[in-house]
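J.: In the UniProt record's numbering, the protein residues as written are 1 to 206.
Read the hints as simulated data drawn from the structure, not as lab findings. Note that the coordinates shown come from a computational prediction; the quantities given were computed from them, not determined experimentally. Check each hint, because a few of them may be wrong.
Subject to a maximum C-alpha distance of 20 Å in a straight line, what follows is the list of computed PhoX-like cross-link-like pairs (lysine-lysine) [claimed, not checked]:
1) K41 with K201
2) K201 with K146
3) K41 with K31
4) K146 with K15
5) K70 with K15
6) K197 with K148
Pairwise CB distance ranges (calculated) [what the hints assert, rightly or not]:
7) N164 with D101: 25 to 33 Å
8) E152 with A7: 42 to 50 Å
9) T202 with E152: 26 to 34 Å
10) S43 with Q6: 44 to 52 Å
11) V32 with W89: 30 to 38 Å
12) I203 with A81: 32 to 40 Å
13) V32 with V79: 34 to 42 Å
14) P46 with Q86: 40 to 48 Å
Just so it is clear, CB atoms sit at the ideal spot from N, CA and C, and this is done for glycine as well.
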Amino acid sequence: MNIIRQATYEINDYKIHQREYLYRGFLQVEKVSLSHRLFNKTSYTPTIQRELIHRPEAAGVLLYDDEQQKFALIEQFRVGAMDDEQSPWQLEIIAGVLDGDETPESCIRREALEESGCEVDDLEHLFTFYPSAGACSELFHLYSAKVKLPKEGGIFGMPDEGENIQLHLISYQDLNTLLTNGRLRNAPVIMALQWLKQHIKTIKNV
1 MNIIRQATYE
11 INDYKIHQRE
21 YLYRGFLQVE
31 KVSLSHRLFN
41 KTSYTPTIQR
51 ELIHRPEAAG
61 VLLYDDEQQK
71 FALIEQFRVG
81 AMDDEQSPWQ
91 LEIIAGVLDG
101 DETPESCIRR
111 EALEESGCEV
121 DDLEHLFTFY
131 PSAGACSELF
141 HLYSAKVKLP
151 KEGGIFGMPD
161 EGENIQLHLI
171 SYQDLNTLLT
181 NGRLRNAPVI
191 MALQWLKQHI
201 KTIKNV
């Protein structure tokens with residue numbers, strides 16, 4: 001079997017013995033008892049218990065402007081980083097959770113307007129991935145979008161939802177420094193900026 005094309009085992013190769021919700025709110029926490037197939041064997045693991053955090057699907061976008069040679073990142077307080085030794089105010093791409101049966105593209109267009117004032121037309125899908133599959137069910141859809149960025153940043157967000165977001169417009173010239181100085185601390189922004197680095201290289205060679 002080619003593991004590049006297909007996983008060793010599939011969805012029918014594990015067994016759920018018991019599921020119990022420990023908490024139900026915006027996030028849900030579930031205790032799951034299960035067993036799964038062992039590699040190179042026909043047997044299963046003994047029953048194991050795992051805590052699973054359920055979080056809605058999310059989508060994010062890197063806004064960039066080849067004309068201005070700039071890209072947009074937002075900065076906001078993140079409770080998950082409140083014990084970070086540097087700062088709980090994180091630099092991120094624009095992102096949000098999908099509302100009901102909303103598509104990732106619709107979510108991104110809504111969030112881009114709320115968090116940057118930018119209208120997004122064409123979107124390029126980069127990756128869909130689990131940010132933390134060891135404990136969380138969240139699926140994240142990552143995109144990039146070529147837009148006309150404003151000349152200056154500003155303060156955005158939905159105050160009634162507790163949002164206080166600062167928009168930063170950053171020069172392409174500062175990209176390498178940002179990727180290596182330790183300021184970036186979350187996966188989607190790092191992945192998006194690695195993509196942008198390749199994009200910049202491509203347009204320079206055209």
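J.: Check each numbered hint from earlier against the structure, then list the numbers of those it violates in ascending order.
T.: 1, 3, 4, 5, 10 and 13
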